[in-house]
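Sequence lines, in order, name chains P and W. With the first letter of the first sequence counted as 1, position 174 gets the number 174 in this note's numbering; the numbers rise by one all the way through. With the first letter of the second sequence counted as 1, position 217 gets the number 217 in this note's numbering; the numbers rise by one all the way through.
Rather than coming from a laboratory, the hints here were simulated on the basis of the structure. Wrong hints could be hidden among the right ones.
Since the list gives no way to pick out one identical chain from another, each pair is judged satisfied if it fits inside one copy or across any two copies.
[Claimed, not checked] Derived lysine-lysine pairs resembling DSSO-like cross-links, with alpha carbons at most 30 Å apart: (1) K177 - K68; (2) K68 - K213; (3) K68 - K221; (4) K177 - K221; (5) K177 - K26; (6) K13 - K212.
Single-letter residue listing:
Protein chains: 2
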Amino acid sequence: MVTQTDVFNNIAKAPLFAGVSSSDLKSLLSGCVIHEYASGVEVIHLQRTYDGFYFIYNGAIKLYFLSKNGEEESAGSISSGNTFGEENIFMTDPLPVYGRTKQRTTLVYISRESMLTLLRQSPILSMQMMGLLSQRLYLMTRELESVCTLSAHERVMHYFLTEITNNMSVDSSLHLKETKAEVASSLHLTPETFSRVMHSLEDEGLISVDGKKIHIYDEQKLN
Amino acid sequence: MVTQTDVFNNIAKAPLFAGVSSSDLKSLLSGCVIHEYASGVEVIHLQRTYDGFYFIYNGAIKLYFLSKNGEEESAGSISSGNTFGEENIFMTDPLPVYGRTKQRTTLVYISRESMLTLLRQSPILSMQMMGLLSQRLYLMTRELESVCTLSAHERVMHYFLTEITNNMSVDSSLHLKETKAEVASSLHLTPETFSRVMHSLEDEGLISVDGKKIHIYDEQKLN
Numbered sequence: 001m002v003t004q005t006d007v008f009n010n011i012a013k014a015p016l017f018a019g020v021s022s023s024d025l026k027s028l029l030s031g032c033v034i035h036e037y038a039s040g041v042e043v044i045h046l047q048r049t050y051d052g053f054y055f056i057y058n059g060a061i062k063l064y065f066l067s068k069n070g071e072e073e074s075a076g077s078i079s080s081g082n083t084f085g086e087e088n089i090f091m092t093d094p095l096p097v098y099g100r101t102k103q104r105t106t107l108v109y110i111s112r113e114s115m116l117t118l119l120r121q122s123p124i125l126s127m128q129m130m131g132l133l134s135q136r137l138y139l140m141t142r143e144l145e146s147v148c149t150l151s152a153h154e155r156v157m158h159y160f161l162t163e164i165t166n167n168m169s170v171d172s173s174l175h176l177k178e179t180k181a182e183v184a185s186s187l188h189l190t191p192e193t194f195s196r197v198m199h200s201l202e203d204e205g206l207i208s209v210d211g212k213k214i215h216i217y218d219e220q221k222l223n
Numbered sequence: 001m002v003t004q005t006d007v008f009n010n011i012a013k014a015p016l017f018a019g020v021s022s023s024d025l026k027s028l029l030s031g032c033v034i035h036e037y038a039s040g041v042e043v044i045h046l047q048r049t050y051d052g053f054y055f056i057y058n059g060a061i062k063l064y065f066l067s068k069n070g071e072e073e074s075a076g077s078i079s080s081g082n083t084f085g086e087e088n089i090f091m092t093d094p095l096p097v098y099g100r101t102k103q104r105t106t107l108v109y110i111s112r113e114s115m116l117t118l119l120r121q122s123p124i125l126s127m128q129m130m131g132l133l134s135q136r137l138y139l140m141t142r143e144l145e146s147v148c149t150l151s152a153h154e155r156v157m158h159y160f161l162t163e164i165t166n167n168m169s170v171d172s173s174l175h176l177k178e179t180k181a182e183v184a185s186s187l188h189l190t191p192e193t194f195s196r197v198m199h200s201l202e203d204e205g206l207i208s209v210d211g212k213k214i215h216i217y218d219e220q221k222l223n
């Protein structure tokens, strides 16, 4: 069972709250609510209104959009140590996303009222909140840019190259960390299109695929 | 020639600066730079770094993404009385958008340094900035949702219904305010796809098209 003291020790390390005094943080958390969820629970719902935001104490949440015919489209994910839904503090309409726990997850719900009180009295927190919102806006704009300007081929190639760079791969190969359907969804592609692009890259001799392992033969050509 | 006094009188009406004292606003604008541009000038450039943000004194700017082969994809537009690029205050990487004047446009460039100074001493301005950034994030997320979850048909129908509602049309007809290519781009569709969808909606007897005038026969079916 997670206690308020556990939450306090953990949230103090979050970038958003860096430099905020202990007494301010304690008063912010005095009214917070701690929820523990199993894996696969829908915790963020479009039809619900929110008068606060979440801190992910542990676990992770998959975010997604929902199409008219019920298909889920990835909208990213949030991992432990991060906050989510800060824009609820300033708006009545929630973002058009759903969220489901990817594993056992503990969420801390902080009310709009207590956050607004602290923002008014803490310029440090306000500055960090503006920085966080700017960063979110930047990432969302990058995502829209990618969907609008990159072909399916370019999106897949860009994903492979980014994964190789991020994992500092020495032999130009990578292991897909998620299922192919999940990778496709994160690239805003259907599983069929993702498979088609993979086959075509194989046919061109640029990659080879062995289950979840992908080997890149020519990074230059892929770029 | 636009003067600093003109700018001061105008910017005081912008929602972002509501309630900010005259002396604070005057000190913010003391170092601002006023640029006047002809129509069609590229004023926002991805390759440039920004150490401030813009207030649109008059005119309008079209924002767009650029694909590898030079195609422009609409990223919205900003009209006079609004600010743009506030996230530059908190970030070094600019948003991946380009901007071009749609008509004669006067821009006021406000430096990061003077805005940060004012944000630190004005909780009202900080609150309004957080509200503005939240609103931007919300709109960008809605845009991404639309691109990811709506078919070309659904996007066009949604656009027609929104236009009819916004213009409080009494006879269920609307005039396209922009060229078909511009409307297509704002819906993240190619002009060809937009034309194809329009023809198909006509064939289904849901709309009729007469140049820039569109008549909707059955709003229920379109929804």
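Verification of the supplied hints:
Taking identical chains as interchangeable, the C-alpha atoms of K177 and K68 lie at most 30 Å apart whether they share a chain (29 Å) or sit on different chains (28 Å). In this homomeric assembly, K68 and K213 come within 30 Å of each other (Cα to Cα) only across copies, at 28 Å, whereas the closest approach inside a single copy is 34 Å. When the C-alpha separation of K68 and K221 is checked against a cutoff of 30 Å, the pair qualifies only between copies, where the shortest distance is 15 Å, while the shortest distance within a copy is 38 Å. In this assembly of identical chains, K177 and K221 lie within 30 Å of each other by CA distance solely inside one copy; the values are 24 Å within and 43 Å between copies.
For the identical chains of this complex, K177 and K26 are neighbours neither inside a copy (38 Å) nor across copies (54 Å), given an alpha-carbon limit of 30 Å. Taking the closest pair of Cα atoms, K13 and K212 never come within 30 Å of each other, the shortest separation being 35 Å inside a single copy and 57 Å across copies.
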